[in-house]
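Enquirer: So you can see what is in the structure, the chains are spelled out below.
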Amino acid sequence: MWYQKIKTAARLTLIVSVVLLFAQATDADLLDREQIGPNIVRASTLDFVNLDTANETGKSLLFSIQGLVPTGFQVESVRIRNEGELDFQYSVSVFKTAGDDALCSALKFHVLSNWTTKYDSGLLSLSYVANLDKDESQDLVFSLGLEDTSESLIGLNCAFNLVVNSVQETANGTMRFYDQEVLQSQVTAGVWTVGG
Amino acid sequence: MHKEKKVIQSIFIIAFTLAIVGFTLTQSLFRDSETSDTSTFVVGTLDMEVLGPGGKAAETIEVLNVGSSGVVSGGKTWVIKNVGTLPGELTMGIESLSNNENGCNEPESLVDSSCENPGTGQGEFGAVVATQVFIQDGNHPDPIISSDLSSAAVDQYALQWHANAGTINIPAGGSLEVSLQWSTEAQNFENEIQSDSVIFDVIFDLQQVLI
Chain E
1 MWYQKIKTAA RLTLIVSVVL LFAQATDADL LDREQIGPNI VRASTLDFVN LDTANETGKS
61 LLFSIQGLVP TGFQVESVRI RNEGELDFQY SVSVFKTAGD DALCSALKFH VLSNWTTKYD
121 SGLLSLSYVA NLDKDESQDL VFSLGLEDTS ESLIGLNCAF NLVVNSVQET ANGTMRFYDQ
181 EVLQSQVTAG VWTVGG
Chain A
1 MHKEKKVIQS IFIIAFTLAI VGFTLTQSLF RDSETSDTST FVVGTLDMEV LGPGGKAAET
61 IEVLNVGSSG VVSGGKTWVI KNVGTLPGEL TMGIESLSNN ENGCNEPESL VDSSCENPGT
121 GQGEFGAVVA TQVFIQDGNH PDPIISSDLS SAAVDQYALQ WHANAGTINI PAGGSLEVSL
181 QWSTEAQNFE NEIQSDSVIF DVIFDLQQVL I
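Chains E and A supply the protein sequences, listed in that same order. If you read the first sequence in my numbering, its first letter stands for residue 1, the second for the next number, and so on. If you read the second sequence in my numbering, its first letter stands for residue 1, the second for the next number, and so on.
These are computed hints drawn from the structure, not numbers from a lab. Hints are all accurate, no fakes.
Okay, derived cross-link-like pairs now, BS3-like style, lysine-lysine, Cα gap no bigger than 30 Å in a straight line: (1) E/Lys118 <-> E/Lys108; (2) E/Lys5 <-> A/Lys6; (3) A/Lys56 <-> A/Lys76; (4) E/Lys118 <-> E/Lys96; (5) A/Lys3 <-> E/Lys5; (6) E/Lys59 <-> E/Lys134; (7) E/Lys134 <-> A/Lys76; (8) A/Lys56 <-> A/Lys81; (9) E/Lys59 <-> E/Lys96; (10) E/Lys96 <-> E/Lys108; (11) E/Lys5 <-> A/Lys5; (12) E/Lys59 <-> E/Lys118; (13) A/Lys6 <-> E/Lys7; (14) E/Lys7 <-> A/Lys5; (15) E/Lys134 <-> E/Lys118; (16) E/Lys7 <-> A/Lys3; (17) E/Lys59 <-> E/Lys108.
In this text, all values refer to a predicted model and were calculated from it rather than measured experimentally.
With the hints as extra help, turn the sequences into a complete structure.
Expert: Written out as structure tokens, the structure reads:
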């Protein structure tokens with residue numbers, strides 16, 4: 001009986017000794033923790049859309065003209081709406097995608113904003129820049145016409161994209177937020193006689 | 001059985017005898033004793049306050065319009081005050097770091113295939129936010145921590161503090177300024193970070209210095 005008790009006590013002593021040996025010293029450290037948060041850093045957004053000015057549905061096609069003759073023209077419009085959180089500057093330019101250079105170069109283009117002419121010159125040299133603030137939209141009216149009466153233009157085609165482009169810039173340099181929307185157009189010259 | 005019992009009894013007798021002999025032989029011949037009137041045991045306190053510069057309340061970092069002009073860098077300074085009665089060792093880290101996607105607008109969706117909202121862990125913004133931590137104690141002119149805020153930042157903060165700060169003790173009543181600076185470089189990101197956010201907690205631990 002005594003022997004068993006002593007044996008048990010010896011085992012317990014051995015276990016405690018091993019624990020204390022590895023613990024080396026009892027740590028009763030005090031600790032205080034302070035938390036600063038939540039900290040939030042969030043990137044803004046740059047986004048715009050081209051809309052039909054009549055019903056505000058998405059718009060990707062602009063002009064589709066068949067049989068354009070000298071003095072003829074057509075009018076189209078687009079509403080550019082800022083759907084991002086940043087004010088931005090956008091540019092409008094034209095790139096020929098297919099067809100004949102002669103007709104594309106002969107086409108005349110007008111841009112009106114707030115019914116004020118902002119551009120009035122050749123189609124391919126279009127360069128228009130404007131600012132668009134957050135939550136704002138801007139309506140642009142375009143007129144595409146032909147003034148040149150040269151017979152060489154008869155039956156020619158011109159396909160082009162009107163590209164609305166925005167790249168965010170700051171005083172520290174160009175930010176890499178960008179958006180680009182494209183309006184496709186197609187023009188075919190008609191038939192006419194010169195000099196009656 | 002009976003024999004073992006005798007052996008154990010013998011061990012006890014020998015141990016008891018040795019204890020008596022040891023106690024007797026180590027007694028000093030001269031003896032003096034003093035009694036203090038009142039003994040008081042007071043447990044020390046370890047307590048830390050985190051304030052802003054000039055004693056203002058500590059501020060969190062909140063920048064919600066990265067990408068607009070003029071807001072591409074910033075920082076916060078915190079004053080760590082040991083208001084307890086015990087010296088403490090300071091460590092700093094970040095926890096609860098979350099890079100959220102917050103969905104994608106049209107420009108982002110063209111270059112980013114992960115567009116959930118909130119999309120925890122899908123955001124790319126943290127990887128282009130460079131942070132540096134400085135200790136204003138006159139001994140650490142270089143940043144203690146230089147890390148982005150990607151998901152690996154929690155480990156980076158812990159590793160670099162341990163490696164570069166050394167032991168930062170704040171005595172009772174003492175204080176120390178710690179600042180966190182952040183910046184984004186325009187050439188480091190494109191549309192993939194639009195609307196992304198990075199959320200995190202800054203943690204200060206003051207641990208009792210064992211004397």
